[in-house]
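Asker: Spelled out, the chains give:
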Amino acid sequence: MMDVSSPAARAKDAEGIRGPLAISAGAHVAALAVMLLGPSSWLGGLGSPAAEEPDVVMAIRLGGPEGPGEGGETPLGGRPIQQILPLEEARRPLWIQPPTPAPPEMTVPTEDARRRPEPETEVDTVPEEARGRTPTRGPELLDGSTMADTGVEGIGIGLSGGGLGGSDGELDLANFCCPEYLSTMLQLIRRQWDANQQVPGVSVVRFTIRRDGAVDGVAVDHSSGYLALDMSAQRAVLLTSQLPPLPGAFTEPSLTVRLTFEYRR
Amino acid sequence: MRAICCYAFALLQTTGVSESGGAFGGGVLELLERSSLLSQAVLVILALFSIASWAVILLKLRQFRRVAVQTARFSDVFRRSNKFSEVQTACKSLAHSPLAGVFQAGYVELNAQLRQGGQAGGQTGRPVLRSFDALDRALLRASSMEVAKLERRVGFLATTASLTPFIGLFGTVWGIMNAFAGIGAAGTTSLTVVAPGIAEALIATAAGLFAAIPAVYFYNYLTQRLKEIASTMDDFAMEFLNITERNFS
Chain A
1 MMDVSSPAAR AKDAEGIRGP LAISAGAHVA ALAVMLLGPS SWLGGLGSPA
51 AEEPDVVMAI RLGGPEGPGE GGETPLGGRP IQQILPLEEA RRPLWIQPPT
101 PAPPEMTVPT EDARRRPEPE TEVDTVPEEA RGRTPTRGPE LLDGSTMADT
151 GVEGIGIGLS GGGLGGSDGE LDLANFCCPE YLSTMLQLIR RQWDANQQVP
201 GVSVVRFTIR RDGAVDGVAV DHSSGYLALD MSAQRAVLLT SQLPPLPGAF
251 TEPSLTVRLT FEYRR
Chain B
1 MRAICCYAFA LLQTTGVSES GGAFGGGVLE LLERSSLLSQ AVLVILALFS
51 IASWAVILLK LRQFRRVAVQ TARFSDVFRR SNKFSEVQTA CKSLAHSPLA
101 GVFQAGYVEL NAQLRQGGQA GGQTGRPVLR SFDALDRALL RASSMEVAKL
151 ERRVGFLATT ASLTPFIGLF GTVWGIMNAF AGIGAAGTTS LTVVAPGIAE
201 ALIATAAGLF AAIPAVYFYN YLTQRLKEIA STMDDFAMEF LNITERNFS
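These protein sequence lines are chains A and B, in that order. Position one of the first sequence corresponds to residue 1 (the numbering used here), numbered consecutively onward. Position one of the second sequence corresponds to residue 1 (the numbering used here), numbered consecutively onward.
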């Protein structure tokens, strides 16, 4: 205990500043840690918005490597197909040729001849299930991802190139049913994307498509290291605020897409 | 302190690694990395001001809390005691109370005068105080000393409150100058080019306000508390004089 009777001793501070200084520095470090490591939604717009972890996440790479041009063999072109097998030759019985009837004699109708009444029976129409179809044989569907030249024009996925580059295409469709929807989505995003930024880089944007086609939860999932590239990619998705409604064959309430924007110099 | 600084540095390093390699956690660190060396120096200065001002705030809050507790205890002892010597004994355990300091100064002066002084009339044997002015001066001096002790380092809060916004503003102006220079070099006024530079620059102003706002609040709070304590000391000094005059004149 200090000597309280001496005025000089009383004038001194009983406590040093070192303890509070250490506490203050520790609190600042903790605040910094919370700011950097905590959920970015706490910082408002500075970070990417926190989104609920969706059920289905689809990864698509835009601006992938140079593809074989428009169309061609793409993974989408190699979807499971219905294999058509040649028909076996069936042995048909020979026709029994009936004797040719004698041609009727030509007679001149008399004046009092009456016209034969036409039958009033209705003609049966062909039932729906009896309509002709191409008969198919063999297994109906073959699961697999083999490349097959089906003659189908591929759906060009990719912004800067001519589509996905063959088997190297970065496309994780997560069992998505409807590639045509993706094609429409990417066309809409491509219209808003300014790929010419003079700086190469790869930026990944994550967003969620609701059932009604509204786009929300747009966030930069992986930064390219350049704010301009990230903002350009983000803007492309944000400006495409409305997409067509999700197809009925896709049963999930929403679809989350990780879209990779690849910039070339 | 050194350990905390090392931890902060390591935190920044690890966060930087995870940023570059994985998920995008937030934009602040990214903006900090891009900002110029001068902007980073400004941010470091502001961080030091903030740390120091919070240390002063914590120190003063703890000191004022002890002052309040021990002053209440001293007042209680002073009211209950019949002799100054009892109060003087209690003062030894009330080192943080400014009233105890004022009382001790008065008590020392009183004792000194009584040792030198004579007795009233020579018949009753009652001691008589020679100079009330000297006692008043002693109380006043002790009161000033206690106020000065409580005021120590509070001025730093005022300095922080008034200085850090300007330091932050300087960092922002400098960053915007660089941003405009970049716009001129790029030859385009696209928002894509303009926005990142301005965002980097504005961090300095935000940091300045982050340091200044608590400093302003607690400076006003502590100053108000200090006025209350000074007023209490004046009241006590007058009461001490009154008691002395009643008993030693």
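Since the hints were derived computationally from the structure, they do not count as laboratory data. Wrong hints could be hidden among the right ones.
Think about it this way: if two alpha-carbon atoms lie no more than 20 Å apart in a straight line, the pair counts; the simulated SDA-like pairs of lysine to any residue are [to be verified]:
| hint | chain 1 | residue 1 | chain 2 | residue 2 |
| --- | --- | --- | --- | --- |
| 1 | B | 149 | A | 217 |
| 2 | B | 149 | A | 241 |
| 3 | B | 149 | A | 92 |
| 4 | B | 149 | A | 111 |
| 5 | B | 149 | A | 19 |
Chain B residues, not near chain A, derived (Cβ > 12 Å throughout) [as the list claims (entries may be wrong)]:
| hint | residue |
| --- | --- |
| 6 | 32 |
| 7 | 83 |
| 8 | 176 |
| 9 | 199 |
Stretches of chain A that chain B covers, calculated by requiring three or more beta carbons in the stretch to come under 8 Å of a beta carbon on chain B [to be verified]:
| hint | stretch |
| --- | --- |
| 10 | 20–30 |
| 11 | 226–238 |
Fair warning: this is a prediction, and the values are worked out from it, not measured in the lab. From the three backbone atoms N, C-alpha and C, an ideal C-beta is built for every residue, glycine too.
Asker: Hints broken by the structure, by number, lowest first?
Answerer: Those not satisfied are hints 1, 2, 3, 4, 6, 9.
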